[in-house]
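When you get a sec, could you build the whole thing from the sequences and use the hints?
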Amino acid sequence: MSGRHASRPLSWRHRLLRGALIALVMAFMAGLVLLPLAAVFIEALGKGVAAFMDVLAQPETVSAIKLTLLVAIIAVPLNLVFGVAAAWAMTRFEFRGKALLGAFIDLPFSVSPVVAGLVYVLLFGAQGWFGPWLSDHGVTIIFAVPGLVLATVFITLPFVARELISLMQAQGSEEEEAARTLGASGWQMFFRVTLPNIRWALLYGVLLCNARAMGEFGAVSVVSGHIRGLTTTMPLEVEMRYNEYDYMGAFAVASLLGLLALLTLVVKALLEWRYGDELAARATRGH
1096 MSGRHASRPL SWRHRLLRGA LIALVMAFMA GLVLLPLAAV FIEALGKGVA
1146 AFMDVLAQPE TVSAIKLTLL VAIIAVPLNL VFGVAAAWAM TRFEFRGKAL
1196 LGAFIDLPFS VSPVVAGLVY VLLFGAQGWF GPWLSDHGVT IIFAVPGLVL
1246 ATVFITLPFV ARELISLMQA QGSEEEEAAR TLGASGWQMF FRVTLPNIRW
1296 ALLYGVLLCN ARAMGEFGAV SVVSGHIRGL TTTMPLEVEM RYNEYDYMGA
1346 FAVASLLGLL ALLTLVVKAL LEWRYGDELA ARATRGH
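Under this note's numbering, read the sequence shown as residues 1096 to 1382, first letter to last.
No wet-lab data here; the hints were simulated from the structure. Accuracy of the hints is not assured; some may be wrong.
[What the hints assert, rightly or not] Computed spacing ranges between beta-carbons, pair by pair:
1) Leu1290 with Tyr1337: 39 to 45 Å
2) Ala1122 with Arg1323: 37 to 43 Å
3) Gly1313 with Phe1225: 18 to 24 Å
4) Pro1131 with Val1240: 29 to 35 Å
5) Val1144 with Trp1282: 49 to 55 Å
6) Leu1112 with Phe1199: 41 to 47 Å
Note that the Cβ used here is the ideal one computed from N, Cα and C, for glycine as well.
Structure representation (structure tokens):
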């Protein structure tokens, strides 16, 4: 009976409602996402490809690109290691403070990036809690690369962990317990059982983490000091050029971030298309 009801064709009212909802969503996405993104590329290439390439070849732009990549190269692996460790602890052990750990993992989602940057200034700035001691020992964190890395690590902290926690909770620990029973060591169990089961979710989390790390603005802006050529990442370079009325240069650098967003979207879609069924099957095995 329920099967015949489920296969009943939609009435014209339902089809009209479905079409209206789809049209509304598509119009919303086109107006707020696709149109602004297209405008960035149009403005970036408004004076021709040669002018666009000249902007990308300028020392300030090259420095911003290198610094953005450097911060991401440091921050993403740190969050990868933390994410795997946190997911393992949250899904395989029971301990006091487990709920508190989960809340701390989600904290960067709730705290404004600007507030996060100000906290690091309070801790490690020249007048901060540890600033005088750091200064006496010749260590500079704020207005230097270490500050950018710290702020980026904080902002991107939840991405890998949250992708893995939900999957590992659904999968359960039966396969790992079986491997332990057969005499596998902890590292053997991780590399031969756990890692193969989470590898695509791990890659997905790293992908999102990297995209956010390269595009972060608020926290990085606070701790950078906007020292051109030294502490300006690509988002900061966009802001500085725009404030200097170098609109074409600002949009040229912004287009690189736009390309990063599009690349992230494409890889994300490919992962979901290629391995979505596999992830879903492994997740349901735990039930």
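Given a hinted range of 39 to 45 Å, is it respected by the beta-carbon distance of leucine 1290 and tyrosine 1337?
holds, 44 Å
18 to 24 Å was suggested as the range; check whether the CB atoms of glycine 1313 and phenylalanine 1225 agree with it.
holds, 22 Å
Return holds or violated for the Cβ distance of proline 1131 and valine 1240 against the range 29 to 35 Å.
holds, 31 Å
Outcome of range test on Cβ distance (leucine 1112, phenylalanine 1199; 41 to 47 Å)
holds, 43 Å
Does 37 to 43 Å hold as the CB distance between alanine 1122 and arginine 1323, or does it fail?
For arginine 1323 against alanine 1122, whose Cβ atoms are near 40 Å apart, the range 37 to 43 Å holds.
CB of valine 1144 to CB of tryptophan 1282, is that within 49 to 55 Å?
Between valine 1144 and tryptophan 1282, where Cβ atoms are some 51 Å apart, the hint holds.
Hint violations for this structure: none, all hints satisfied.
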